[in-house]
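Q: Chains as they are written, first to last, in this note's numbering: chain A, 459 to 832; chain B, 87 to 617.
Hints were generated in silico from the structure; no laboratory data involved.
We put the beta carbon where it would ideally sit given N, CA and C, even for glycine.
Derived lysine to any residue pairs resembling SDA-like cross-links, with alpha carbons at most 20 angstroms apart: (1) B:Lys136 with B:Gly265; (2) B:Lys478 with A:Phe671; (3) B:Lys508 with A:Arg752; (4) A:Lys680 with A:Asn693; (5) A:Lys680 with B:Thr458; (6) A:Lys680 with B:Lys478; (7) B:Lys478 with A:His678; (8) B:Lys136 with B:Gln296; (9) A:Lys595 with B:Asp373; (10) A:Lys680 with B:Gln481.
Where chain B lies over chain A, by a calculated footprint (3+ residues, C-beta under 8 angstroms): (11) 668-680; (12) 685-692.
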Amino acid sequence: MSARQPLPHWVTAFLMPALNVALAFVIGGLVVLAIGENPLEAVSVLIYGAFGYGEGWGYTLHFATNFMFTGLAVALVFHMGMFNIGVEGQAYVAGLAIMVALAFDQTHWTVVFVTSIITAGVLGAMWALIPAYLQAKRGSHIVITTIMFNFIASSLMSYMLGQVITRPGANAETETIDPVGRLPLLRDIPGLEFFGFSPVNVSIFLAIAAGFFVYWLLWHTKFGYKIRALGHNPNAVRYAGVSAVTVIIITMMISGALAGLVAVNEAVGVQKRLVVGYVNGAGFVGIAVAFMGRSHPIGVALSALLFGALYQGGQELAFEMPSVSRDMVVVIQALVILFTGAMSELFRPALERVFSARSPGAETAKAASESGSG
Amino acid sequence: MSESTDTNGQRPDAAADRPQGREVAIELRGINKSFGPVRANKNIDLKVEKGTVHGIVGENGAGKSTLMSILYGFYTADSGEIFVNGQKVTITDSKHALELGIGMVHQHFMLVEPFTILENIILGAEDSAILETSIARARAELKRLAEDYSLTVDPDAVVGDVSVGQQQRVEILKALYRGADILILDEPTGVLTPAEADHLFRILEQLREQGKTIILITHKLREIMAITDNVSVMRQGEIVSTVRTADTSPDKLAEAMVGRHVLLRVEKDKANPGDIRLEVNNLTVKDDLGVPRVKDVSLTVRAGEIVGIAGVAGNGQSELLEAISGMREPVLGEIKISGNPVTFHGDDGAARLRRAGLAHVPEDRQRLGLVTAFEEWENSILGYQDDDRYGKGLQLDIKAAREEAVRRIEKFDIRPTNPRLKTANFSGGNQQKIVLAREMDRDLEVLIVGQPTRGVDIGAIEFIHNQIIAMRDEGKAILLVSVELDEIRSLSDRILVMFDGHIIAEVAEGEADERTLGLYMAGVNEPAAAE
Numbered sequence: 459m460s461a462r463q464p465l466p467h468w469v470t471a472f473l474m475p476a477l478n479v480a481l482a483f484v485i486g487g488l489v490v491l492a493i494g495e496n497p498l499e500a501v502s503v504l505i506y507g508a509f510g511y512g513e514g515w516g517y518t519l520h521f522a523t524n525f526m527f528t529g530l531a532v533a534l535v536f537h538m539g540m541f542n543i544g545v546e547g548q549a550y551v552a553g554l555a556i557m558v559a560l561a562f563d564q565t566h567w568t569v570v571f572v573t574s575i576i577t578a579g580v581l582g583a584m585w586a587l588i589p590a591y592l593q594a595k596r597g598s599h600i601v602i603t604t605i606m607f608n609f610i611a612s613s614l615m616s617y618m619l620g621q622v623i624t625r626p627g628a629n630a631e632t633e634t635i636d637p638v639g640r641l642p643l644l645r646d647i648p649g650l651e652f653f654g655f656s657p658v659n660v661s662i663f664l665a666i667a668a669g670f671f672v673y674w675l676l677w678h679t680k681f682g683y684k685i686r687a688l689g690h691n692p693n694a695v696r697y698a699g700v701s702a703v704t705v706i707i708i709t710m711m712i713s714g715a716l717a718g719l720v721a722v723n724e725a726v727g728v729q730k731r732l733v734v735g736y737v738n739g740a741g742f743v744g745i746a747v748a749f750m751g752r753s754h755p756i757g758v759a760l761s762a763l764l765f766g767a768l769y770q771g772g773q774e775l776a777f778e779m780p781s782v783s784r785d786m787v788v789v790i791q792a793l794v795i796l797f798t799g800a801m802s803e804l805f806r807p808a809l810e811r812v813f814s815a816r817s818p819g820a821e822t823a824k825a826a827s828e829s830g831s832g
Numbered sequence: 087m088s089e090s091t092d093t094n095g096q097r098p099d100a101a102a103d104r105p106q107g108r109e110v111a112i113e114l115r116g117i118n119k120s121f122g123p124v125r126a127n128k129n130i131d132l133k134v135e136k137g138t139v140h141g142i143v144g145e146n147g148a149g150k151s152t153l154m155s156i157l158y159g160f161y162t163a164d165s166g167e168i169f170v171n172g173q174k175v176t177i178t179d180s181k182h183a184l185e186l187g188i189g190m191v192h193q194h195f196m197l198v199e200p201f202t203i204l205e206n207i208i209l210g211a212e213d214s215a216i217l218e219t220s221i222a223r224a225r226a227e228l229k230r231l232a233e234d235y236s237l238t239v240d241p242d243a244v245v246g247d248v249s250v251g252q253q254q255r256v257e258i259l260k261a262l263y264r265g266a267d268i269l270i271l272d273e274p275t276g277v278l279t280p281a282e283a284d285h286l287f288r289i290l291e292q293l294r295e296q297g298k299t300i301i302l303i304t305h306k307l308r309e310i311m312a313i314t315d316n317v318s319v320m321r322q323g324e325i326v327s328t329v330r331t332a333d334t335s336p337d338k339l340a341e342a343m344v345g346r347h348v349l350l351r352v353e354k355d356k357a358n359p360g361d362i363r364l365e366v367n368n369l370t371v372k373d374d375l376g377v378p379r380v381k382d383v384s385l386t387v388r389a390g391e392i393v394g395i396a397g398v399a400g401n402g403q404s405e406l407l408e409a410i411s412g413m414r415e416p417v418l419g420e421i422k423i424s425g426n427p428v429t430f431h432g433d434d435g436a437a438r439l440r441r442a443g444l445a446h447v448p449e450d451r452q453r454l455g456l457v458t459a460f461e462e463w464e465n466s467i468l469g470y471q472d473d474d475r476y477g478k479g480l481q482l483d484i485k486a487a488r489e490e491a492v493r494r495i496e497k498f499d500i501r502p503t504n505p506r507l508k509t510a511n512f513s514g515g516n517q518q519k520i521v522l523a524r525e526m527d528r529d530l531e532v533l534i535v536g537q538p539t540r541g542v543d544i545g546a547i548e549f550i551h552n553q554i555i556a557m558r559d560e561g562k563a564i565l566l567v568s569v570e571l572d573e574i575r576s577l578s579d580r581i582l583v584m585f586d587g588h589i590i591a592e593v594a595e596g597e598a599d600e601r602t603l604g605l606y607m608a609g610v611n612e613p614a615a616a617e
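Excised from the complex, chain A in its bound form (with noise of 0.2 angstroms):
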């Protein structure tokens, strides 16, 4: 039992990130502010550098989109009351897309685009089908398993790379698209040419349309309904009748492919070839991404922005500011995934006793059940 009153909606989605983003920027500047720099001015170099100028916002833009694919693939699980780790090496093994890309005629960028795309997805699918079959026929906990396959995959990327799909004289990378193959960049289309040589390309729109598609499939469809309640109570889903081992497997494949699809952006798109390690995290960072977005498609979008301004910005700001080391940046951005991801709820109390002195309206009857169960 609760005393306390539900927090009104926009204070858990709104005031409650912003706050956490807030105490995450005032340690992290008493942290600068230790080593003998200037809080401010970082902080201002930081924001310079992500959105102050057009190549900024590019690349802004373009870690945004690897979030907003992984944020989206761990916020779809979440809704199903899991926890899906394993982003990060499905994103990993579905950069063998490229393959296909490369196998296939290259001779239109958006051939290229849609095999990947599919390619990318069904192989991201894949990498998360044995944990979802592990988890929902034989119970094993699918954070251990999705932890291990990410080891799995890097190990067989690293094969991969190494021995099987080399190009012919170099070390640990693939052949490269072809020019007329290569996603356009946004600077590619006329009157964006403002975001200069940043190398956010077509792809960012297949994330917003990622967007869509999450949201419409949680909230407008029988099973985005049945994944929603498996989420909150399995026994209800038993008692329904509906087959929680489907809705396990289907919801982690898909989960997978919206990982997948981080191939398109960064490999297909940015690199044009497969290297080793094209990740670089942003399978972990997509966990943040959804914790902090409430596992909303728009909370994802807005939280996968933030995360992308910080990787650019702070990329600026080790080179701005020597003594900021890329280490000091890592740190200020790990204090943010700290404050936003696991410790989101670190203002919920206090807020809670704000807004209940304040006693808002909504809520009648909770409190009256709440008060009378014996």
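Chain A is fixed; fit chain B onto it per the hints.
A: Chain B only, in chain A's frame:
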């Protein structure tokens, strides 16, 4: 109401069996507690006399639990004063309440099942870092308590192995061990057999004789009449009346609780059974741990009759319901709906049974029957979400589902009437109506109903019972499982008694009195022989 001040034995005949001006163990003055706009307790004045059993009755949401939670230190009142033994106190938490001599026995036991009774009793009250010294002291104290109050338990038995009645005794002992003089019991008989409940009442009488004060929260008016000295009725956060139990009657109390006249008895015509709709043959079902809980059970339910399964909770009724509803695969046996055998495979059996024409009101609506985090309309399609009328293909026809929910809200008088409200925000009775509306408002052959009125207000009970009777009169076959013997007796056309996984007796309506059924429920096969 003015009656609420009339607690202190002002009437002359009360003085005959009770000394005038008894000491007051607990006095509450002007207690108010609000949750947001909801006033859970309004200007509560209550005096509980020392050495008495004081009953508190009221519907769900009347504010009983809130009031007791204030007394036990879970909540702090917004305003008002609390006096314990004449001293004004501010109770900050349950530890503080215990120091003041107030102990609570919760509805749901707070015991560590793999621990022994002794270990449970000292848990949180260990007085040294070395367990042995605490245990030795507790053992001696327990012996004394057992002698004083005939609260006999085996201190070395593992709590998980002893009966529910014994577990409850452990809870009472826990409170006494911590020095409680005032015991609050929250719905103590919900899980007990009639015999165990009688035993509990004997213990309470003994405690009262030894000068302990007992506050008994219950919704069973019979218990109020049987054991309490005084009774307070709560309605919508207020104490509407406090009277000597001897001066009132169940009908008067029910009327005070609901605020209108209620029928405590169900009125129904004689059943007119038709063809067999549900047939269960030699069913054996194991629980999740592989323990057989239903053993070779066979039964039939015909169209237009209500078959009731009586029994103490935990004798296999839950597993029987789960198997018949397709949620749990039986080890052996066969289930037929309207003559068609049901197949078992996979984890979506419940959907197949629904398609065969079975509807299921589960025993535990919050655990099984509802997704409480969902909006009301979403729960209104649970189990039927794949029906074509909620959209063909992948997409969910939200509009159709909501329109149907609105219709059912009206038909079943579900309140509040907003289908977009989260289900957790509905009261227990209204949640039950959401489930009933979903399961009853459709074409069906067989309706199986578990604990239809558990935690439901008296007013809603009347409605629910009438709905079940109406379904029967429409020619549906109804299987009813309830631990409330009164409910089984008043609704059923035939009664089966389940004990230890077996059906040990079948009696026709009106052929068994409460005592006989109680003996069957306790596993006595031949009640006549046991006399």
